[in-house]
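Residues in the sequence shown are numbered consecutively from 1, following our numbering.
Everything labelled a hint here was simulated from the structure, so no lab data went into it. Treat the hints with caution; some may be incorrect.
Computed cross-link-like contacts, DSS-like style, restricted to lysine-lysine with a CA-CA straight-line distance of at most 30 Å [claimed, not checked]: (1) Lys143 to Lys193; (2) Lys249 to Lys217; (3) Lys197 to Lys143; (4) Lys197 to Lys249; (5) Lys52 to Lys103; (6) Lys217 to Lys114; (7) Lys103 to Lys28; (8) Lys322 to Lys252; (9) Lys224 to Lys247.
What you are looking at is a predicted structure, and each value in this text was computed from that prediction instead of being measured.
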Amino acid sequence: MAQTLSRCGFTTGSAATAAAKAAAMFLKTGVLPERVHITLPNLKESLLINIKSCTLTPDDNSATASVIKQSGDDPDVTNGLEIVATLRLLKQSADNESKIVIKGGAGVGRVTKKGLQQQVGDWAINPVPKAMITQAVREVFSKDSLNLEVEISVSNGELAAQKTFNPRLGITGGISILGTTGIVEPMSVDAIKETVKCEIDVSFYENPETIRLAPGKIGEDALKRILGPTRVVQFSNFPGLAMDYVKSKGFKHVTLGGHPGKLAKILMGYTDTHSGRSPQAAAFVSEFMGLNGNFNTVEEIIDKITETGGDFTKLAHEICFKIKSIYRLPSIEVYLFDMKKTLIGHSTCTE
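Starting from the given sequences, assemble the full structure and let the hints guide the process.
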């Protein structure tokens, strides 16, 4: 039964699969498909996806089809991109076996750094979408022994990629063709977590001894200003996930930088610092710093402390000690910054 999408969308992998299947159907039958069913990776559900366009090039034994990517309610920069699949019939191989080769084209990125699911130099088309595309094309040519090439391209993909994590991950020239379930759920937490782990993997291949982490842009920019332009992994609202994964990779030294409003929540016992899943840190930080009175934000507390020459070294040390005691990492270094990215506290905990 086809799944009905309301607030959900479909992945770039599903879009590429639908386009490839439509191109295969058009090449085989000459009939222009207006929409196609694709099977989701769980093999139990399917999606019905509209086809934007199809063209046939008989002289080249090829057909091209495209799909407009729909992200549903997920704020995804790939929403509205045209995902294009060109399917070419190649010469039969000597062993007479049916083969399907999947490659990227314009607007699809290439991998330039280790640590991802593809090898350096490969197209940024993940394993699940590759399997989906292969299955969809084989459904059309199930009784034929053919050599086929599927080329996936994305209109304006290189421009859109600049707004994704791809440049940070060392994927150049375009977006990635992604998706593990085939559908996009609004504000997918799992997608964010996988991106964090993915960037930690890349950092490990660049330097397996040392990693720098920050919850967001303030910490990243401030750490780079102090320590140089080496990669800083943003872990968003998931310090617990980041630390668990960092420990599993075997890093020896972890540097953590950010605003006390986020990092103090680790000291409060929260491994997820999202405002909807953890309380504001102002009351905790105020009490920790020995202040009286009500403060709306941690930044107010910072102003109060620093205007009299104080700093947050003690808070940095307690955060450092807390992380070390929980995750048993050999060396932890914590930098605290205000909203202007000024250093207000620093501590190191080693064995």
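Right, here's what the structure says about each hint:
1. With a C-alpha separation of about 41 Å, the suggested pair Lys143 and Lys193 falls outside the 30 Å cut-off, and the hint is violated.
2. The suggested pairing of Lys249 with Lys217 holds, with an alpha-carbon distance near 24 Å, which does not exceed 30 Å.
3. Proposed proximity of Lys197 and Lys143 is contradicted: the alpha carbons are some 41 Å apart, above 30 Å.
4. For the proposed pair Lys197 and Lys249, the alpha carbon gap of about 10 Å is at most 30 Å, so the pair holds.
5. Proximity of Lys52 to Lys103 is assessed by CA-CA distance (about 21 Å); at most 30 Å being required, the pair is judged to hold.
6. At roughly 24 Å between alpha-carbon atoms, Lys217 and Lys114 fall within 30 Å of each other, so this suggested pair holds.
7. A distance of roughly 20 Å separates the Cα atoms of Lys103 and Lys28; the hinted pair therefore holds under the 30 Å criterion.
8. Between the alpha carbons of Lys322 and Lys252 the distance comes to roughly 17 Å, so the proposed pair stays at or under 30 Å and holds.
9. Simply put, Lys224 and Lys247 have alpha-carbon atoms about 23 Å apart, close enough for the 30 Å limit, and the pair holds.
Hint violations for this structure: numbers 1 and 3, all remaining hints satisfied.
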